[in-house]
Amino acid sequence: MEVEVVPVQGELNVGPQHPGSGHMRILVKLNGDIVEDCELDVGYVHRAVEKLGENRNYMHLIPLVERPAILDSIHMNMGYVMAVEKILNVDVPERALYLRSFAAEVNRIASHLYGLGILGIFIGHSTAFMWGFGDREVWLQILEALTGARVTNSYIIPGGVRRDLTPSIIEMTKKAIVYMRKKLKDWEKIFLKNPTIMDRLQNVGVMTREQAIEWGAVGPNLRASGVNFDVRKAEPYAAYSKLDFEIPVYKEGDGYARTLVRFEEMEQSMRILEQIIKDIPEGPILADRFLKQIPPIRMKKWVQGQGRIVLPGYYASFRPPRGEAAARVEASRGELFYYVVSDGSPKPYRLRMITPSYRAIYVFKNLCKGARYADIVSIYGSLDYFPPEADR
Amino acid sequence: MIGNLLSLIRFYFFYPSFFVVIIFPGLLFTGILLLTTIWFERKAAARVQMRVGPYYASKKLGGYLQLIADALKFVFSEVIIPAGVNETLFVIAPILLLLVSILPFAVIPVSVIPQSGSVFSIYYHDFYDPNVGYGVLAGIFTCYNLLLILALESIYPIFVIFLAWVTNNRFAIVGAVRETFLSVSYDALILIATLSVAIEYHTLDLAVIVQKGIPGVIVNPIAAFIFIVGMLIGSSRFPFDIVEAETELVIGPYTEYSGFLFVLTMAGSYVGNFIYSLVFADLFLGGWYPFSGLPGAAFMTFKAVLLLFFSVFLRSVYGRYRIDQALRGSWKYLFPLSLISLITGTLVGYLWL
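Read top to bottom, the protein sequences are chains A and B.
Everything in the first sequence is counted per our numbering, starting at 26 for the first residue and increasing by one.
Everything in the second sequence is counted per our numbering, starting at 1084 for the first residue and increasing by one.
Just chain B, same shape as in the assembly:
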């Protein structure tokens, strides 16, 4: 009886639609990763800057619990709603923002399911992908996942602008205008970089790209570079921290937010960055290949986390570009480069893959 129940719980726990989206690398893991990333960001910057960084909250853990303490403090601090805003929209906007940024977890394939020998093997038939020849470990199995991820990520700026509009603050609106300009340029870059890889591998399915066994960074390094820069702009990492530019715009679109709602707005860009990193790991770094099942998912997530750490580390190296410089850079230099990557992708795809 109990054994029956346990196996039932186990079945639902490891069911990919639940496990990938909620446990790993979805909501729960992302929550922990968020704290780790911010801890790493502060600790690495402190190392470069002759400081100690977070320390007092837990000396033995190198101050790791400082982030938990900060999060607790934010949860219990008062949420100030400015006079003259629509309260419902004000509260809903950051939640929507986080929701949209976290949605792509549902479709990113994180590993493949072998027919036997893995905890996921019982779901082999439900998630079977005829193009790959394996089951695909993903929240929702679809062979157009690349398209869906990009579509979901490109809605994100709309919600940033919505949020800024709701708060009715001038700095927020200037920040939102900057986000508008930038989103047009970085979305174009990311789309073309991704498309050139898709053309190269003749597919819109990330699982097929990974199972080819040749990482995209080898067959199309230009696209990989463009994608990284687009990712940095898209998630407001340095040197493209233009939307949130602290000394210019306080914190851009999120100026009026405080307490827990502020944490949600902050989390949005980190989650976005992690999603892009996961896609990058799939597209260019060979994803889970040659592993499968849970080790494959861990391997792929590890690569994505490394990239995430790299992009937050840039804070201690670079300053901040001006909006016109970032726009000129992306349209004048990176856009033609991305077209070259498209041509490369077409040629290499035609001749080799």
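For reference, chain A alone in the conformation it holds in the complex:
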């Protein structure tokens, strides 16, 4: 008797109402358990940030640009402000640069923990999910004490930062570092060395060095494929040129390597934080040019009294000179690029932002081909793809 093998083909419409899709739709073409093709239908959380950017004042844009990735808002903010500063041609005082790095690294740890939590729940590990969100809280509280908000901090403004570091925040950070180092050991035991997690991530979604460059992967995903590229080293901004840290690079290019890169980046971020606490210079936190515009009463009460910048109202509608500028920062998920064109009015003529998750869409689509159906979620999680950030 001859057995006829019927190829089982079909399409699965994963999302947008699906526990494993996020804010998007994944059209999966299956052949048995193998994904033949995968179409990503993104744009469900498109907020037209770029178009809105043409209708808002420069200052009013600061809260807007950080909305696409509220869990990474310091970086979203910093890239934009750096581009605006280039047009304004303003020098940022050193203490403000250190504070920017400080906030950025705290945010990076929080964002990586979020990503690891999402990766955990995607492959069924609910403990990693809860731990990721629980441990993230420690860092969010530091951000809250420093900036006044857990997420959407709007901390960085053209010329400097809004608030100064206080001894209590330094104390909090030191405690948080001790706690996190202890906790990372537990993470390693229950998550990294867990046989189920290793099986689900190793040799899954393998991206070679060439592919990573060709597909335009950025950040930890690129570094997991053996490319040593980090904007903090390649084109140092904030205080990174004065700080000593390493860039973790792995050659394997699979989901496990991407996870390991994130883990080690958290450790490096804590090293950076320790150096900042030790080395941070005294001085103003806003450029002289803007500091002079603050009326004396406010200066005394807020800036000298509480270390907060409270600017006069007209600062919100400043007119930068004509010009264009590009800036890039290493956000938690990778290189974040801003391009701002000014025509001399209080509103930008054009604002372009290319977010790291946007670059991950093509990588995700390519990695899914030939994977198993269950691997889609582990690729998704290991890329740390965040749909709102991609849609902007």
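Think of the hints as simulated: they come from the structure by calculation, not from any bench.
Predicted model only: the values in this text are computed from it and were never measured.
Possibly wrong hints are sitting among the right ones.
Said to hold, decoys possible - Across the chosen pairs, the derived CB separations fall in these ranges: (1) E213/A <-> I1238/B: 39 to 45 Å; (2) E292/A <-> P1373/B: 37 to 43 Å; (3) W1414/B <-> M223/A: 19 to 25 Å.
Claimed, not checked - Cβ-to-Cβ under 8 Å is the rule here; a few derived chain A residues that face chain B: (4) Q34; (5) G35; (6) G149; (7) H150; (8) T221; (9) I222.
For every residue, glycine included, the Cβ atom is placed at its ideal position computed from N, Cα and C.
We have chain A; now place chain B onto it with these hints.
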């Protein structure tokens, strides 16, 4: 007159066919245990995960009543029947599923009945097992109960597939296909593990195995391990939560169900897990021995509940394997291991027992 009536009621209440199947450890106890297990599962996971878990429904009881509240909410929520399905089959499928998973209670021996001194002693002659020398406390007395339990449990996946087929949802069907693949592998494991113990003790009667007095986990630890893994796969516990994989398949075969029908589908796997745990307690942990009567039944159920709690606790330790990894694991590593346990069983049974 009243005394007569009371003793009549007492006679029928404690009649093993009623008591074991409906009261303890059957339907009623299982219902309470189900809520307790889910409560424990959530509470233990919360403990590991730096959370509080269920709390607000009854603060003094540690949130235990939250499950009752959830159950009430499910009872009164609307049952949505998707367009284009056969409504009768759609409603009947989860009921059949639960029915099949609960059936083995009828034949699992939970204790022995001594000739005197126990509430069950009046039924001694009706449930007398000549091979054991005692009466056997079971719903239906049969000396092939091991075979019957395994046969009943192995029908369970068929009803899962039936249910998925009826709902006509793609995720459900993918889940059902996964269940098909897995059921073949875990049934083979459980069957061989059980058979190796049966050969070892030269019997297909659980009561005889327990009354030997030597727990199976000592004489055949490999079979015990295989049985536990098979049980975890069979009842979709972590790390083999492959059929219901939430982030991949929503909730697998049960995707289209809502309200009370959904509760029934959820209960199926928990009841299945409890049945396997009871069988495990009998086969490998010495069951009720050395007790008898009601204390024996309680002792054996206690062991089974511990195992049930252990298997739901794994949720907070493990992630989820992929289907091909689970299949490779069970056929490449566990299947040869189960053959070794079969050989061990044969040898030990021939030489020692």
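We went through each hint and held it up to the structure:
The hinted window of 39 to 45 Å between E213/A and I1238/B holds, with their beta carbons roughly 44 Å apart. For the hinted restraint 37 to 43 Å between E292/A and P1373/B, the CB-CB distance of approximately 56 Å leaves it violated. Look at W1414/B against M223/A: about 20 Å separates their beta carbons, and that is inside 19 to 25 Å. For Q34/A, the interface hint is violated, since its Cβ never comes within 8 Å of a Cβ in chain B; the closest pair sits about 12 Å apart.
For the restraint placing G35/A at the interface with chain B, the shortest Cβ-Cβ distance is roughly 7 Å, inside the 8 Å limit, so the hint holds. With a cut of 8 Å, the hint placing G149/A at the interface with chain B holds, because the nearest CB-to-CB distance is about 3 Å. With a least beta-carbon distance of about 4 Å to chain B, the hint placing H150/A at the interface is held under the 8 Å criterion. Interface restraint check for T221/A: the shortest CB-CB distance to chain B comes to about 4 Å, inside 8 Å, so the restraint holds.
Nearest Cβ of chain B to the Cβ of I222/A: about 5 Å, under the 8 Å cut. The hint holds.
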